[in-house]
Amino acid sequence: MTAKALYLATAALLLPFPAAAQDAQREEPTATAAAATSSQAEPPLGEDEEEVVVTGQKPRGSVVGDIPPENTLTSRDIRATGATTISELLDSIASKTGSARGRGGERPVLLLNGQRISGFRELRDLPPEAIERMEILPEEVALKYGYSADQKVVNIVLRRRFNSTSAEVGGTIATEGGHAAGKADATKLVIANGTRSSLNVRLEGNNPLYESERDIAYDPADGADPRDFRTLNGASQSARVTGTLNRTILENVGATVTAEVGRTKNRSRFGISPSIRTLR
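Our numbering puts the first residue of the sequence shown at 1276, with every later residue one more than the last.
Hint data in this document are derived by calculation from the structure and do not stem from the laboratory. Where hints are given, some of them may not hold.
[What the hints assert, rightly or not] The list that follows gives simulated cross-link-like pairs (lysine-lysine, DSS-like), each with its CA atoms no further than 27 Å apart:
id	residue 1	residue 2
1	1458	1540
2	1540	1463
3	1333	1371
4	1371	1419
5	1333	1419
[What the hints assert, rightly or not] Computed spacing ranges between beta-carbons, pair by pair:
id	residue 1	residue 2	range
6	1479	1530	30 to 36 Å
7	1425	1350	28 to 34 Å
8	1366	1547	43 to 49 Å
9	1492	1420	58 to 64 Å
10	1443	1503	31 to 37 Å
11	1443	1394	19 to 25 Å
12	1444	1413	38 to 44 Å
Cβ coordinates follow ideal geometry from the N, Cα and C atoms, glycine included.
Hey, can you work out the whole structure from these sequences and the hints?
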């Protein structure tokens, strides 16, 4: 009885161990699979991330530097102003180009295609239709072009290709007669292949206005009537021919030649001498 009881007790102690071993064997594949999934989800250490590089290009004719325009006028905006000359166009946007720095009232710095100009006459005769856009920039941009920082900058960008011939004729006449004035203006502009050429011819004139053509009193005791020999507004005639040639030498370097020939004639009368007046 003692030997049999001892055998049964030993068998009872040995039975749980195989079950525990089988449970451990069943859990190992799950842990291994989880570890494998975790290792696949994480990228390998030390692998470089891919870099994305975006390269941008400034619009044609932009100014130097990275200061953005305060305002940009498109060709449609320019047409909406109704301006027929560059001077009229600048006057129409004067409220946007005025600077609060300095004494105030300074005219803006004018650039053409992001470059300095030799003078206002270089763009004076350009028609507004040739402008692709107009940028208004702050005073800091003026420093980059050698100007003082109390003027705003207006950058005029022309169209890449443009060809036009324009003519304008106008005149005025006094409502009471005796005086008339007239003018004629013709411009030829060609822009192509980095070259800009323009030719402008302008004629102006007016006839004299005499005192006798207006009710101006005189004393008959003075002798001859001087009103036929005295002008209120003298006669004048003027003619001007302007030519401009601009050519791009390097990518950002251009050369401009501007020539102008003009003639002006004025004539006024101040009356007759007292000796002639006495003889009459």
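Hint-by-hint comparison with the structure:
1. Proximity of residue 1458 to residue 1540 is assessed by CA-CA distance (about 15 Å); at most 27 Å being required, the pair is judged to hold.
2. A C-alpha spacing of about 26 Å is found between residue 1540 and residue 1463, which places the hinted pair at or below 27 Å, so the restraint holds.
3. Taken as a hint, the residue 1333 and residue 1371 pair is honoured in the structure, with Cα atoms around 23 Å apart against an allowance of 27 Å.
4. For the hint linking residue 1371 to residue 1419, the alpha-carbon distance of about 21 Å falls within 27 Å, and the restraint holds.
5. With a C-alpha separation of about 17 Å, the suggested pairing of residue 1333 with residue 1419 holds against the 27 Å cut-off.
6. At about 31 Å, the beta-carbon gap between residue 1479 and residue 1530 stays in the expected band of 30 to 36 Å.
7. Distance hint for residue 1425 and residue 1350: a CB-CB separation of about 30 Å, consistent with the stated range 28 to 34 Å.
8. Here the CB-CB span from residue 1366 to residue 1547 is close to 44 Å, well matched to the stated 43 to 49 Å.
9. A hinted range of 58 to 64 Å holds for the C-beta pair residue 1492 and residue 1420, which are about 60 Å apart.
10. For the hinted restraint 31 to 37 Å between residue 1443 and residue 1503, the CB-CB distance of approximately 35 Å keeps it satisfied.
11. Between residue 1443 and residue 1394 the C-beta distance comes to about 23 Å, which sits within the given range of 19 to 25 Å.
12. At roughly 41 Å, the beta-carbon separation of residue 1444 and residue 1413 lies within the given 38 to 44 Å, and the hint holds.
In this structure, none of the earlier numbered hints is contradicted; all agree with it.
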